[in-house]
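Engineer: Throw the hints in and build the complete structure from the sequences for me.
For the record, the sequence lines run as chains A and V.
Residue 373 is where the first sequence ends in the working numbering, and the numbering goes up by one at each step.
Residue 1084 is where the second sequence ends in the working numbering, and the numbering goes up by one at each step.
No lab work stands behind these hints: they were computed from the structure.
Please note that the accuracy of each hint is not assured.
[Claimed, not checked] Here are the simulated SDA-like cross-link-like pairs (lysine to any residue), alpha carbons at most 25 angstroms apart as the crow flies:
no.	chain 1	residue 1	chain 2	residue 2
1	V	Lys816	A	Asn253
2	A	Lys157	V	Ser1075
3	V	Lys816	A	Ala261
4	V	Lys858	A	Asn189
5	V	Lys1071	A	Thr291
6	V	Lys867	V	Phe835
7	A	Lys319	A	Ile354
8	A	Lys275	A	Ser366
9	V	Lys816	A	Ser268
10	A	Lys275	A	Pro140
Just so we're clear, the structure is a prediction, and the values are computed from it rather than from any experiment.
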Amino acid sequence: MAAMKRDRNPLSDDRKAYFYLLPAFVLLVIFTVYPVINTIITSVKLDYRFLTGVYNGFSFGHYLDILRDKTFQRACLNTAFIAFICVPASLITALVTALLLNSIKALRNFLTTLYYLPQVTNIIAAGMVFALLFHTNSGFINLVLGWFGMDPVPWISGVGIAGSADLYTRSYIRCLFILFIYSLWQGLSLKVILFLSGLQNINPQYRQAAEIDGTSQWNIFRKITFPLLSPVTMYVLITSVITALKSYASVVALFGDSYGPIGDNSKMMITIVGYIIDSLGDYLSPGAISKASAAAFILLLIIVILTALQFYFSKKWVHYK
Amino acid sequence: MRKTLMKTVNYFLLAAVAVMVLIPFFWMLGTALKSEAEALHIPPMLLPKIYHFDNFAKAVRAEPLIRYFLNTLIVSIFVVLISTAISVLSAYAFARLTFRGRDFLFAVVLIAVMLPQEIMIITNFMTIAKLKWLNTFRALILPYCVNAFNIFLLRQTMKQIPEDLYIAARIDGLGNFRYLWKVVLPVAKPTILTTMLLSMIWIWDTYAWPNLVTTQDNLRLISNGLKNAFTTSTGSIQYELQMAAATLVTIPLILIFIALRKYIFSGITRGGIKG
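Structural biologist: In structure tokens:
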């Protein structure tokens, strides 16, 4: 009897479930599913004007256009710098910090909270503060350099860069350095928490057994902790890279709406999302929205590949958990 | 002996990291309390001579910061309430009910978790423009009202409630909705709070979308308002006021975070990364 009732209940639930799902799926379809499909279609519409809906057939031309566009290449370069230089650096710093935190007891909670502060700081406020930290005349960094007898460095400066490739490169390297320091500061928070929770999930008996056997700390890390932590490391790496690929607001806060120091007209520090948004902002000119869509689709492809990699690796490592 | 030394080095390194983390906060607050002349002083001063707490009042008077705060508050309240209600309902359906197409629909949710918002922005902008919703609160609220990650997180929590409890409740004649209200909600409360907090932080930080769909000052959210504030027409920035405003924007979230730390941490360690 009970079994029959169990069987019947789910059936009677059947239609009600759709009511529970309706609000979520109406919004999901309008604001998530349709936009992805529409972005792909829009990216191949030629001379598309969305206000009238007029376009001249289909073409892959926009993809070629943006791949040849110097600004898009710059955007890819900067985005790659954040994702593949800044992220690994902050990952290593966070791992070391988490290992140190895991080996202490006193102050651990206090320090974890403190390290998390950048994550709950408004992204625009944080970018502005960093722009000021590196300000030539009013910045903390030049103040400290001054204590060691060094002259102020014009960190964010575009003086003369339009006419000189050498000055441009120097200015660019300085801006990349600022972005690097900012990413290190901003990215530490989340990674430390994730690594710490990963470390705390490792059974302490492995370490104790190794210590009794007289294994060195370095070997304990290399042979026990690091392999056991590898699923967390892979997760942190890939999600951080994906987040980095979407960088936008921080760059605008650091370098302004023109993505570079005053005097630069090349959008020096633009990112892929910045490129998408700039093209979108130009929506009245035909083709601009399609260019934005093409760039968005390229970004989507990269992110999908990375997500697939994450699944592949998490399956490979599942036996460690 | 060696152990004590290692411990000292350990704490020293952690303190060094702490200092690095705190320097921007220190410079923000320090500059916020300087006079205009001190903020422009060359070389820069480490700390102001007199603490100008009136800079906060000046910043609030110089720019419609209160308006931006209120706007952000209105948008976050609506988003948090609507998206929580929507997420709870659908998470319950996925966790407890059996129906045709459940696996497929849940796969859609999982894919939506992974899709970056930045891809959606183009079409959503077109949709909002076509609906003539530019410069409205609807444009700021609706696209944020469905949060696939929250649905996923709540479904995982609800799945842990034993099925026997559900069967017993159904046999006792409790309807689905009352079961959700009386049994599931109290059990899932900590996770619901987590999703609410993550949504709130998300709105507080959101920049690109509001910047696209609003052009009027009276609709700006805090991030957008802050970005454009305190820059004179010649491009020079009143740093002491800008930093005072940045401090004001930063403090509420830090307070909420310190008070409700464990809910936020439980969200992120279960995969709640909002980029």
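Engineer: Hints first: check each against the structure and report whether it holds.
Structural biologist: Each hint tested on the structure:
For the proposed pair lysine 816 of chain V and asparagine 253 of chain A, the alpha carbon gap of about 22 angstroms is at most 25 angstroms, so the pair holds. With a C-alpha separation of about 20 angstroms, the suggested pairing of lysine 157 of chain A with serine 1075 of chain V holds against the 25 angstroms cut-off. Distance hint between lysine 816 of chain V and alanine 261 of chain A is fulfilled; the C-alpha atoms sit about 21 angstroms from each other, no more than 25 angstroms. Under the criterion of a C-alpha separation no larger than 25 angstroms, the hint pairing lysine 858 of chain V with asparagine 189 of chain A is consistent with the structure, at around 18 angstroms.
In summary, the hint linking lysine 1071 of chain V to threonine 291 of chain A is supported, as the alpha carbons are separated by about 22 angstroms, within the 25 angstroms threshold. Distance check on the hinted pair: lysine 867 of chain V and phenylalanine 835 of chain V sit about 20 angstroms apart at the alpha-carbon level, within 25 angstroms; holds. Restraint check for lysine 319 of chain A and isoleucine 354 of chain A: satisfied, since their Cα atoms lie roughly 23 angstroms apart, inside the 25 angstroms limit. Simply put, lysine 275 of chain A and serine 366 of chain A have alpha-carbon atoms about 20 angstroms apart, close enough for the 25 angstroms limit, and the pair holds.
Restraint check for lysine 816 of chain V and serine 268 of chain A: the C-alpha separation of about 16 angstroms stays at or below 25 angstroms, so the hint holds. A threshold of 25 angstroms between alpha carbons decides the hint, and for lysine 275 of chain A with proline 140 of chain A the separation of about 21 angstroms falls inside it, so the pair holds.
Going down the numbered hints, you'll see the structure goes against none, and every one checks out.
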